[in-house]
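**Q** Numbering (the numbering used here), first residue to last: 26 to 93.
Treat the hints as calculated values from the structure; they're not laboratory data. Using N, Cα and C, we set each Cβ at its ideal position, and we do this for glycine too. Be a bit skeptical, because a hint or two may be false.
[Stated by the list, open to error] Computed spacing ranges between beta-carbons, pair by pair: (1) 48 with 68: 37 to 45 Å; (2) 67 with 30: 33 to 41 Å; (3) 27 with 50: 35 to 43 Å.
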Amino acid sequence: MPQLDTSMWFTMISSMVLTLFIIFQLKISKLNYSLNPTFKPLSKRNPINPWESKWTKIYSPLLLPQQL
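Could you build all of it, start to finish, from the sequences and the hints given here?
**A** See the structure below:
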């Protein structure tokens, strides 16, 4: 039964980690950040949801009275 050759694993893993690091650095360097961030006042807005305006109840068919 042949043994698994693991002599190149360290080289492969190291090169993968280095490549991922370089790719992430390049992606992060292309991001644009605003130099003077402005403050946005947080206003309390109540979202209008249709399910909040009416009361609904879900009936299970087994809980309904028997209809003969």
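**Q** Now tell me, hint by hint, if it's right for this structure.
**A** Going down the list of hints, with the structure as the test:
1. 48 with 68: 37 to 45 Å: Holds: the Cβ-Cβ distance is about 40 Å, inside 37 to 45 Å.
2. 67 with 30: 33 to 41 Å: violated (60 Å)
3. 27 with 50: 35 to 43 Å: holds (40 Å)
The structure does not agree with numbered hint 2 stated previously, though it agrees with all others.
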